[in-house]
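Novice: For the protein sequence lines, the chains are A, B, C and D, in the order given.
For the record, in the first sequence the residue sitting at position 47 is 47 according to this note's numbering, with numbers rising by one throughout.
For the record, in the second sequence the residue sitting at position 164 is 164 according to this note's numbering, with numbers rising by one throughout.
For the record, in the third sequence the residue sitting at position 211 is 211 according to this note's numbering, with numbers rising by one throughout.
For the record, in the fourth sequence the residue sitting at position 178 is 178 according to this note's numbering, with numbers rising by one throughout.
Treat the hints loosely; a few may be bogus.
[To be verified] Mimicking BS3-like on lysine-lysine, the simulated pairs with C-alpha atoms at most 30 angstroms apart in a straight line are:
| hint | chain 1 | residue 1 | chain 2 | residue 2 |
| --- | --- | --- | --- | --- |
| 1 | B | LYS167 | A | LYS167 |
| 2 | C | LYS167 | C | LYS278 |
| 3 | B | LYS107 | A | LYS278 |
| 4 | D | LYS206 | D | LYS330 |
| 5 | C | LYS167 | C | LYS156 |
| 6 | D | LYS107 | C | LYS278 |
| 7 | B | LYS107 | D | LYS150 |
| 8 | C | LYS278 | D | LYS330 |
| 9 | B | LYS167 | B | LYS156 |
| 10 | D | LYS278 | D | LYS150 |
| 11 | D | LYS156 | D | LYS167 |
| 12 | A | LYS330 | A | LYS107 |
| 13 | B | LYS206 | A | LYS330 |
| 14 | D | LYS167 | C | LYS167 |
| 15 | C | LYS107 | C | LYS206 |
| 16 | B | LYS206 | B | LYS330 |
| 17 | A | LYS107 | A | LYS206 |
| 18 | A | LYS206 | A | LYS330 |
| 19 | C | LYS330 | C | LYS206 |
| 20 | D | LYS107 | D | LYS330 |
| 21 | C | LYS330 | D | LYS278 |
| 22 | A | LYS278 | B | LYS278 |
| 23 | A | LYS156 | A | LYS167 |
| 24 | B | LYS150 | B | LYS330 |
| 25 | D | LYS278 | C | LYS107 |
| 26 | B | LYS206 | B | LYS107 |
| 27 | C | LYS167 | C | LYS206 |
| 28 | B | LYS330 | B | LYS167 |
| 29 | C | LYS167 | A | LYS150 |
| 30 | B | LYS150 | D | LYS107 |
| 31 | A | LYS107 | C | LYS150 |
| 32 | A | LYS330 | A | LYS167 |
| 33 | B | LYS278 | A | LYS107 |
[To be verified] Heads up, incomplete: computed chain B residues facing chain A, CB under 8 angstroms, no partners named:
| hint | residue |
| --- | --- |
| 34 | PHE6 |
| 35 | PRO229 |
| 36 | SER317 |
Treat the hints as calculated values from the structure; they're not laboratory data.
Since the model is a prediction, treat every value here as computed from it, not as a measurement.
Heads up, the beta-carbon is just placed ideally off N, CA and C, and yes, glycines get one too.
There are 4 protein chains.
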Amino acid sequence: MSHNTFGHLLRVTTWGESHGPAIGCTIDGCPPGLRFTLSDIQTELDRRRPGSSRFVTQRREPDEVSVLSGVIADEDDPAVMVTTGTPIALHIDNVDQRSKDYGDIAKQYRPGHADYAYDVKYGLRDYRGGGRSSARETAMRVAAGAIARKIVPDMKVRGAIVQIGEKAIDRSAWDWSVVERQDNPFFTPDADAISVFESYLDEIRKSHDSVGAIIEVIAENVPPGLGAPLYAKLDTEIAAGLMSINAVKGVEIGDGFASAALRGTQNADEMRIGPDGKPVFEANHAGGILGGISTGAPIVARFAVKPTSSILTPRRSVDRDGNEIEVVTKGRHDPCVGIRAVPIGEAMVACAIADHYLRHRGQTGRI
Amino acid sequence: MSHNTFGHLLRVTTWGESHGPAIGCTIDGCPPGLRFTLSDIQTELDRRRPGSSRFVTQRREPDEVSVLSGVIADEDDPAVMVTTGTPIALHIDNVDQRSKDYGDIAKQYRPGHADYAYDVKYGLRDYRGGGRSSARETAMRVAAGAIARKIVPDMKVRGAIVQIGEKAIDRSAWDWSVVERQDNPFFTPDADAISVFESYLDEIRKSHDSVGAIIEVIAENVPPGLGAPLYAKLDTEIAAGLMSINAVKGVEIGDGFASAALRGTQNADEMRIGPDGKPVFEANHAGGILGGISTGAPIVARFAVKPTSSILTPRRSVDRDGNEIEVVTKGRHDPCVGIRAVPIGEAMVACAIADHYLRHRGQTGRI
Amino acid sequence: MSHNTFGHLLRVTTWGESHGPAIGCTIDGCPPGLRFTLSDIQTELDRRRPGSSRFVTQRREPDEVSVLSGVIADEDDPAVMVTTGTPIALHIDNVDQRSKDYGDIAKQYRPGHADYAYDVKYGLRDYRGGGRSSARETAMRVAAGAIARKIVPDMKVRGAIVQIGEKAIDRSAWDWSVVERQDNPFFTPDADAISVFESYLDEIRKSHDSVGAIIEVIAENVPPGLGAPLYAKLDTEIAAGLMSINAVKGVEIGDGFASAALRGTQNADEMRIGPDGKPVFEANHAGGILGGISTGAPIVARFAVKPTSSILTPRRSVDRDGNEIEVVTKGRHDPCVGIRAVPIGEAMVACAIADHYLRHRGQTGRI
Amino acid sequence: MSHNTFGHLLRVTTWGESHGPAIGCTIDGCPPGLRFTLSDIQTELDRRRPGSSRFVTQRREPDEVSVLSGVIADEDDPAVMVTTGTPIALHIDNVDQRSKDYGDIAKQYRPGHADYAYDVKYGLRDYRGGGRSSARETAMRVAAGAIARKIVPDMKVRGAIVQIGEKAIDRSAWDWSVVERQDNPFFTPDADAISVFESYLDEIRKSHDSVGAIIEVIAENVPPGLGAPLYAKLDTEIAAGLMSINAVKGVEIGDGFASAALRGTQNADEMRIGPDGKPVFEANHAGGILGGISTGAPIVARFAVKPTSSILTPRRSVDRDGNEIEVVTKGRHDPCVGIRAVPIGEAMVACAIADHYLRHRGQTGRI
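Put together the whole structure using the sequences plus the hints.
Specialist: Put into structure tokens, the structure is as follows:
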């Protein structure tokens, strides 16, 4: 992965700071002839958008995306864009940046933030809103993911919250239809968890604190054969994609860390011949990937988001001039930034798979 | 990451199968003027070498490495090699491949193995010993890591087993000197865990089963400022490097998955001014990385290795011709392949950091 | 080189079509702390801008560039932008696209154009103005080059026309001050060539024809040591950068093709010790590059631009439906597109050198 | 292009110095299921091999290649290797290195050589035989090219000398069958040029001098649609591949530099409908590439090789210690290194096209 580009044949380059005039990305290597509408992208962006509930930042960003290149209008339906195979530029104006909120922290190093690290790396930093490390950057990932989803025929990539802070969902109650329910601001697939999360996060928020989360992303209808043995393992690239999201500190595939405690007899997913004569797996401890290559079983990835570092509780720190200080991060922040990470995680998984779909087709011609 | 290359300015390309004549790698982008001896590499290889205890595969591979390019002999001490800045080729002959062990599984898909995935991807496979997915490939990572360690002045990268199967170490007993003790075949830093692991793995092995493990790698004296905000986060590249090891299914940095359950007030490592006038962190939940950039605190990474898929217990599977079968994997396999993953994990962390050391110097000139 | 990105540590990704709403680029990997003003970029863009004389296209594009990310304002002088080390997005709106000019050629393959090639590659094409192959894309190269020039201290990159059609300049009359003279619409360094080119191109234009050109770019004050022996030879990357400009069909370094006819005794630039005690070259047949690495002598590159394919003279061709037709390309085209290639060539040379400056610093730390 | 790797989906990484124990390369991304024999590679290597006539270096290198990974033996014919899709490692031992020939030039900078440039870049150098800049490295390109040729069905890539020093061939006498004639040590397609070159080079050699050459490579049966508009133009990547050969100083496609003097009416290859109903070009000024994309017409590339810098005539130079000296390069050198560049050029063109074949299939699925 390059500094601001991810992917190999399908390459997404993002740019923009939280408090600059705009953010954007360029999607290079997209196959020609894909058809999509602006609302295909906007729908995904709306799922990530701030301000949608009291549990996410109150910054008001409409996140209206425009497509500046790489498409032509369909002859019959001008609302349909057809990709031409040239780079697709997506652009979103920032409309609600309030730089003054950040004035007093220009010289302070907020604990848990990248302030100190940026300063020591670059010798200077854009202190407004976390610069590149703002959650705002992730809008472009979601937009790019909306197009990546079109590349792999029939692929379905869905995510859900499985844990917020100390509260885990009941996996036996998993119901995908719950995730997108209007009264569910948490992307939880367990209906009973909604009220649990609500009261838990209200308490967190009122105590001027924040909390982390774990997100699970499942990709279905992924053709077998995508990926490669080692340095381009499908797991490697999904892990890299997810870990590249700000605040993510852990990634796992299939049973992940739990597989360390399993025995070989438990962990090796046994195979049978399915009703259609093709091999099927009787379990999916591997999360749909063996030897770095997709098997046709659902791809299962999970990632951990640390608690939002911007909190209203004072923390001890230092400033640029070497003074010991206390920092309180004002501004409008998510009490659990992990919630909005669900569509972002989906996007990164979709991009990693779509990239490997093209690479597999390129190397082998077998798709 | 490319298919068989990792790194950007420091690029390592590996080749070779477990049962071919040799394995090797090319290390490109290495700074000129580094000095090392063959034994600097050999020492690391010996730590990973099979056959060193009854808990690892009994395959006998001396893993004698030769350096075929990219160095000149030091004028005063011909045993010292000096890098010239051109690509360094490392080569290890395979001496104990027994392909006949694999003959009867040429058409079988071993559960938990990549056999089926390779076949569906490539339309054919080198069935001898798992091809590229053999643990043998990792020798080249260890060799490359030995050179990467020379690139970052004073950097120390050490790893340890923190869990084998269901048995976790007592972290309060952590003692690095234990890890390299002759009577410790497990790289555990907890002396009391040695006998626990022994009896546990003896039981596993006798029951013709295997088990997974969790490894922790800590890099000290890493200069602050290495990494980059998003797609080249130091965490991202460490995660990619570790996940690219065969059998790895999860990676985390600092508190990792546990950080999901933390509150912002706990997780944000507070800062003070240290005795030397420089900022110090009072805790290291972040694992030495904030916003993708090293902070100067120790880098902490952990990864999970699944149980060895090659086991003597029969498992249900299918073959190439669509028959339902039972598979027993003969051959000489590690009951816990995770043990030998310790030096491999160290090597990948060393390579990722060294690469970012060069990239940081390139972009900023600040080192 | 990737499909729409060039460079390695300094990476420029361009997007946009001639007849879409805008064009733009992202410059990734730029060192932090560089200082520039908008006019530093605009001045370069104005040198390439259409409509500046009767010898270039009459399309009116102000080419006003905006900087959307990657910089902060200098504290003392807000007109000065300071790079932060994060990706710099540049954006230029298209204001004078007249798509109707292209309506009747939507199905025609214009000889010398990429129409047929695009169609056969992508299965469809954006027929408006040549899509990505329009000269308009090169504005972003020039903008990126303006920033690249800031990376290598004291580097000076200048270009000049040395041949238009059959008319070559008199090299003995070379005077750099002539190149930027207001009454010189040709970037020629030979004052006497101005009137020759004027009458020659007037004749070409009136005969509804076009003609090619050869451009020479010279980079001075390039530190020795930039480049690498083979696949990243400084010559290789300059050649790739220049050849990636639309309509370019040949590239040479130093004596280039003429060196084939030289003898080794003539071609090997002899060395002496200069007044400052450093090695100097007594000739520069090598164009400042030996073994792919800069020597400190001026870098000399030359490239050939084919005649504009859009001409008012009818040419025989075919259309998408398999009919044999005659094509006349209306619209506003340069009679010699090579003229405006001068600042473009400078930009590509500047970018290639700046990229290698950062790579050299990264690998060796010797700068 | 990376420092020692070329290609994108088909990636070749070379290593080795002229005077080390061996040279080699790794070919990554090769499609699975290709079938070849060792002699397919050896035949190509023999065409480049030194010592085959008095007009090339008398170094005796059998250049026997071995294949160390990435293939399995065909079940029916064990001499046939079948690619598995994993990295193919090729290895050639150096058998005739005579380092003593180079002892006295360890501190001298040979004019025209990279000695000074290496020293200033790396701070040290492997002075034996030019290190990486030795023509020996090109053996691995030829070997890789032999495999690349298998990737594009029916593709035929052939090269020929069109000029040696001041002596150009008569293009109207072009006869491919002449090129491989046993009595033709020059790869010339013009039978009458053989004796001209013989006496010309004998004179050059006896006067202790050397001379350059121009080589033309033509690739036939290249499917239309390969390449990409700008930074991955097929011309760009062919140019980069050819320019990356040591001693190459110029590259052109189709009419190349001559196209600068053409008019648009001459240069735009007109199209008609061929007998099979498909578009055909009535001329090929474009060299088979328009807008960076292959058109189906033959790909035509030409490159210039400078005269061998190692000559027996004394040249003025300096040494590491700042002394002004005279240098005579002993050793066994080609009087015209360009002759052996013919199969090398073919290999680079084959690799560039094969890489784009896979990339085109990956992005578009249209092949």
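Novice: Each hint needs a verdict: does it hold in this structure or not?
Specialist: Here is how each hint holds up against the structure:
1. Simply put, LYS167 (chain B) and LYS167 (chain A) have alpha-carbon atoms about 25 angstroms apart, close enough for the 30 angstroms limit, and the pair holds.
2. The suggested pairing of LYS167 (chain C) with LYS278 (chain C) is violated, with an alpha-carbon distance near 40 angstroms, which exceeds 30 angstroms.
3. Distance hint between LYS107 (chain B) and LYS278 (chain A) is fulfilled; the C-alpha atoms sit about 15 angstroms from each other, no more than 30 angstroms.
4. In summary, the hint linking LYS206 (chain D) to LYS330 (chain D) is supported, as the alpha carbons are separated by about 14 angstroms, within the 30 angstroms threshold.
5. With a C-alpha separation of about 27 angstroms, the suggested pairing of LYS167 (chain C) with LYS156 (chain C) holds against the 30 angstroms cut-off.
6. Restraint check: the Cα-Cα separation between LYS107 (chain D) and LYS278 (chain C) comes to about 15 angstroms, which is no more than 30 angstroms; the hinted pair holds.
7. For the given pair, LYS107 (chain B) sits about 27 angstroms from LYS150 (chain D) by alpha-carbon distance, which is consistent with the 30 angstroms threshold.
8. For the proposed pair LYS278 (chain C) and LYS330 (chain D), the alpha carbon gap of about 26 angstroms is at most 30 angstroms, so the pair holds.
9. A distance of roughly 27 angstroms separates the Cα atoms of LYS167 (chain B) and LYS156 (chain B); the hinted pair therefore holds under the 30 angstroms criterion.
10. At roughly 26 angstroms between alpha-carbon atoms, LYS278 (chain D) and LYS150 (chain D) fall within 30 angstroms of each other, so this suggested pair holds.
11. Distance restraint check for LYS156 (chain D) and LYS167 (chain D): the Cα-Cα separation of roughly 27 angstroms lies within the 30 angstroms cut-off, and the hinted pair is therefore satisfied.
12. The straight-line distance between the Cα atoms of LYS330 (chain A) and LYS107 (chain A) is roughly 15 angstroms, inside the 30 angstroms bound, and the hint therefore holds.
13. With a C-alpha separation of about 60 angstroms, the suggested pairing of LYS206 (chain B) with LYS330 (chain A) is violated against the 30 angstroms cut-off.
14. Simply put, LYS167 (chain D) and LYS167 (chain C) have alpha-carbon atoms about 25 angstroms apart, close enough for the 30 angstroms limit, and the pair holds.
15. Among the hinted pairs, LYS107 (chain C) with LYS206 (chain C) is consistent with the structure: their alpha-carbon atoms are about 28 angstroms apart, no more than 30 angstroms.
16. Annotation: proposed proximity of LYS206 (chain B) to LYS330 (chain B) holds, straight-line Cα distance about 14 angstroms (limit 30 angstroms).
17. The straight-line distance between the Cα atoms of LYS107 (chain A) and LYS206 (chain A) is roughly 28 angstroms, inside the 30 angstroms bound, and the hint therefore holds.
18. Distance check on the hinted pair: LYS206 (chain A) and LYS330 (chain A) sit about 14 angstroms apart at the alpha-carbon level, within 30 angstroms; holds.
19. Distance restraint check for LYS330 (chain C) and LYS206 (chain C): the Cα-Cα separation of roughly 14 angstroms lies within the 30 angstroms cut-off, and the hinted pair is therefore satisfied.
20. Annotation: proposed proximity of LYS107 (chain D) to LYS330 (chain D) holds, straight-line Cα distance about 15 angstroms (limit 30 angstroms).
21. This hinted pair checks out: LYS330 (chain C) and LYS278 (chain D) have alpha carbons roughly 26 angstroms apart, not beyond 30 angstroms.
22. Among the hinted pairs, LYS278 (chain A) with LYS278 (chain B) is inconsistent with the structure: their alpha-carbon atoms are about 62 angstroms apart, more than 30 angstroms.
23. Annotation: proposed proximity of LYS156 (chain A) to LYS167 (chain A) holds, straight-line Cα distance about 27 angstroms (limit 30 angstroms).
24. Restraint check for LYS150 (chain B) and LYS330 (chain B): the C-alpha separation of about 40 angstroms exceeds 30 angstroms, so the hint is violated.
25. Between LYS278 (chain D) and LYS107 (chain C) the CA atoms are separated by roughly 15 angstroms; this keeps the pair inside 30 angstroms, and the hint holds.
26. For the proposed pair LYS206 (chain B) and LYS107 (chain B), the alpha carbon gap of about 28 angstroms is at most 30 angstroms, so the pair holds.
27. Of the supplied pair hints, the one linking LYS167 (chain C) and LYS206 (chain C) holds, its CA atoms being roughly 17 angstroms apart against a limit of 30 angstroms.
28. Taking the CA atoms of LYS330 (chain B) and LYS167 (chain B), the gap is near 26 angstroms; set against the 30 angstroms cutoff, the hint holds.
29. In summary, the hint linking LYS167 (chain C) to LYS150 (chain A) is not supported, as the alpha carbons are separated by about 53 angstroms, beyond the 30 angstroms threshold.
30. Straight-line distance between C-alpha atoms of LYS150 (chain B) and LYS107 (chain D) comes to about 27 angstroms, which keeps the hinted pair within the 30 angstroms bound.
31. With a CA separation close to 27 angstroms, the supplied pair LYS107 (chain A) and LYS150 (chain C) stays within the 30 angstroms bound.
32. With a C-alpha separation of about 26 angstroms, the suggested pairing of LYS330 (chain A) with LYS167 (chain A) holds against the 30 angstroms cut-off.
33. Only pairs whose Cα atoms come within 30 angstroms are accepted, and LYS278 (chain B) paired with LYS107 (chain A) is accepted, the gap being roughly 15 angstroms.
34. Restraint check, PHE6 (chain B) versus chain A: the minimum CB separation of about 5 angstroms is within 8 angstroms; hint holds.
35. At its closest, the beta carbon of PRO229 (chain B) sits 4 angstroms from a beta carbon of chain A; the interface hint therefore holds under the 8 angstroms criterion.
36. With its C-beta approaching chain A no nearer than about 5 angstroms, SER317 (chain B) sits inside the 8 angstroms limit, and its interface hint holds.
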